[in-house]
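Chains as they are written, first to last, in our numbering: chain G, 570 to 929; chain H, 22 to 569.
It is possible that part of the hints are untrue.
[As the list claims (entries may be wrong)] To spell it out: a stretch of chain G is covered by chain H in this simulated footprint if at least three of its residues, at any positions, have a beta carbon under 8 Å from a beta carbon of chain H; those stretches are: (1) 644-657; (2) 665-672; (3) 759-769; (4) 775-785; (5) 821-830; (6) 833-841.
No lab work stands behind these hints: they were computed from the structure. Ideal Cβ placement from N, Cα and C applies to all residues, glycine included.
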Amino acid sequence: MKKDHRVVLRLRRAAAVLFATVLVAVLVPLQAFAAPPTPLRPGSGNAAVFGALFWPILAIATVVFVLVEGLLIFAIVRYRRRYDDDTPVQVHGNNTLELIWTIIPALIMAVLFAMTLVELQKERNTPPDAMRIEVTGHQWYWEFYYPETGLKLDSRTTTSFFIPTDRPVAFEVTSKDVIHSFWVPQLNGKMDAIPGRVNTVWAGDVKPGTYAGQCAEFCGLRHYNMLFNIIAVTPEDFDVWMQAQVFLASQFRPVGTDIEAPLPSGEATSGEALFVAQGCVACHSLDGSTLVGPSMQGMAGRAEGRSTELSAEQYLHQSIVLPCEYVVDGFACVMPQNFGTEKLDAQALADLIAYLETLE
Amino acid sequence: MAATTYPGSAVTRRASLVDWLTTVDHKKIGIMYVILAFLFFAAGGTLALLIRWELALPGQQLLDADQYNKVFSMHGTTMIFLFVIPMLVGLGNYFVPLQIGARDMAFPRLNALSLWMTVGGGILLYSSWLVPGGAAAIGWTGYAPLTSTTFSPSSSVDLWAIGLIVLGSASTAGAVNFIVTTLNMRAPGMTMWRLPLFTWSVLVTAFMVLLATPMLSGALAMQLADRNLGTQFFVPESGDPVLWQHLFWFYSHPAVYIMVVPAMGVISEILPVFSRKPIFGYSAIVWSSIAIGVLGFTTWAHHMFTTGLSPLLESFFILSTMIIAVPTGVKMFNWIFTMIGGSLKFDTPLLFSIGFLSMFLIGGLSGVFQAVLPLDRQLHDTYWVVAHFHYVIFGGTVFGLVAGAYYWLPKMFGFKLGEGLGKIHFWLMFIGFNLTFFPMHILGLLGMPRRYFDYPAERGWTEYNLAATIGAFIILLAFLVFLVNVIMSAIRREPAGDDPWEGNTLEWATTSPPPVHNFDRIPVVSSLRPVRDARLRLAGEPVEDELH
Ligand code: HEM
Ligand SMILES: [Cu+2]
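Put together the whole structure using the sequences plus the hints.
This is how it looks when you write it as structure tokens:
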């Protein structure tokens, strides 16, 4: 009985993973960051506010523009000096006119102020039924935490974060280091991710679609590269995706810090991808230049000689899971210590090592 | 007082280098400010071209991300603190004493101190390129906690902060000097309501500098203490990184007006002269400057609409920002109605002034969009904002400054600038400017954030970026034409005469260039346009009673 149940469960999960994979393949367009992410093509009710204010104000601005530039051009054309001794009438001002062009702009501003307050009021309160997602900015990636299921994803390993379309979504934004700004133009305005604070930005009436997101507050070296996509899907599709992600996450077994632990055979090409996805590139260049850590150029060659007891492979294994066991001359031990305990499983570690061994 | 001009004196002698280095003459100091500002404009302009080159197409062109971040940070810092502000101070230094009929500034030695501190501050800022790790990559806004030693260990950030403190102290001292000079050193008969509008604008600006700059210096000192002494003013949890933004913008929003009000003053001088009409609504212009000066202090948090302000604060800052548009609009109409009914002579100073009016208008209008908070939360920190503030500072202030240069260089150096090249300069700059910065509005609407070293090709941003880059090189061409014009005119040395433009204000009552003591006899003023009155009397024409 019990065993049957487990088999069914496992089959269901496998089907979910398969389905979710297909889903992602279909929904995430090939060009991952498509088309301009403009609030003028809103994907939510909140983003639609932009157009509702932008176009009327543009109309007013255009009228003012045409009026003022028109007057200017009129002056230029009509009042050019024709004779050297032209002496125009010496007008010093006109109180009525001046009063008019003080009061009319003031009235326009009053109208704009009222319009603004009305729209603001609509957005003021996050709907109570909103699905919460905790978004944390890091140098230089975003971490998404779905509290309902405990799922944690980050933009180094995936660029696609799903949301359901049947209820509002509230992003609770904060940061672990410097100030970032979380911005998905087609869903809503930007919200600063400030360390020590949580700011909420929400989106309701979301239409299905892929919405590009990015960082909008300068946060250092790779500020330009904190790109991601929010993918809004039907609640059914969302549940499938979520189940699959939770399942995949539950399958993850960190490799640990025991350098005697056996590793499967590694795949250099996926190791290369991991080298980027795991953020190794932030500290290790491939071209010989020194960033935070030594360049990986020539790593294969020097791994052997680093230690008398360890083979090249064992040394690389140790440098990744226990980076402070051996500290390269001229560097400090600042490499994160959680690659073995949290981030890499045995396969990923083997892939990374295989990749490093190709770096002559 | 009948039928006299105000004679200057032609005693001149070639000044040696030591004279220049030790001078306390406001005119020499003014010229050195102007030259300093131009050198830094060349530096900041080069950095701007590097930015544009890098962004012309997706992918890396010639900088890497780290270099790009340094370049845009130093570009902004240079343009604001080492170009626009010193340039305005330079013109103010030269012309305020002349316009009010004084022999010098109130505190000539303090004046020299300000100049040399500005030089020192510039050297400090630029020396940061030499420290390990290179210049600070923190934007011109230096937000915490990116500026902490954790995220920016390089000492270039300390140099940046110290450099800005030195520059800020120089402007604070300069502000005191301008205020005392204008209030106490006016010629007989020069009441406040006969004060030339440029001098008025410098006075209002000086008050803003005096009240705002110490705030920046204080905030920078706190930042330095956080970095070096272990204080935690801007550290998350124990302090507050957003506090930095409040302090920074409490200075830097007024700074925007500090940068534009004097240029408005220049325009208010030029338009009447080239229209042969008095300014339309002198007191409206003065009062609107004062209003801008006061209101400028109430809008700072509109730069912080995305940090999560309380609803009450949000409404307040939306309202204050919208209100400040009103006095600005008043000026616009007053300027245009100065031209309407006039007799316009389209010399280069007027062309650039018209450039100012038409471009500043666009900057003002795009600013109104940003005051509308739901719009700003989309537009903030995008290329829309980059477009907006370049329309204000470049389209406004820089056009105004160049207008001022064509108008006043003949007074400062005694020779005329070529009109033909001047017009070519104008058209190149006008076209190049719009080609560079107009597309940036669209980039902002298409969601392109600012301070991005690179962007994906599929985003649809490429064409607009390419256009902007082409425009930037046309601007380069425009300034090369200007340089050639100045050099050729200096060689040609066609004498400008005391009063080449039929001026209104006292600087035209003395020789070009003026003698060390400015006026042989201190003029006595009985109207808003003393030099025009004198000219009319000399020609035997009636002088109508001016209002003031
Ligand atoms: C040759 C003409 C100029 C060009 C092509 C140019 C271009 C640019 C561009 C593209 C940026 C945005 C950089 C980014 O966000 O990644 C920028 C920023 C800036 N520019 Fe300019 N600019 C020019 C002249 C000026 C002038 C004359 C001023 C001021 C008087 C100025 C002040 C600034 C400031 C304050 C910033 C912000 C820097 C920052 O984000 O920290 N620029 N400029
Ligand atoms: Cu960021």
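Results of checking the hints against the structure:
A stretch counts as covered by a chain when three or more of its residues have a beta carbon under 8 Å from one of that chain; for the segment 644-657 of chain G and chain H the count is 10, and the coverage holds. Residues of the segment 665-672 of chain G lying with their CB closer than 8 Å to a CB of chain H number 4, which satisfies the three-residue condition for coverage. Proximity of the segment 759-769 of chain G to chain H, defined as three or more residues with a beta carbon under 8 Å from a beta carbon of that chain, is established by the 8 residues found. With 4 residues carrying a beta carbon less than 8 Å from a beta carbon of chain H, the segment 775-785 of chain G meets the three-residue requirement, and the given coverage holds.
By the rule of at least three residues with a Cβ nearer than 8 Å to a Cβ of chain H, the coverage given for the segment 821-830 of chain G is violated, with 0 such residues. Residues of the segment 833-841 of chain G with a Cβ under 8 Å from some Cβ of chain H number 0, which does not satisfy the need for three, so the listed coverage is violated.
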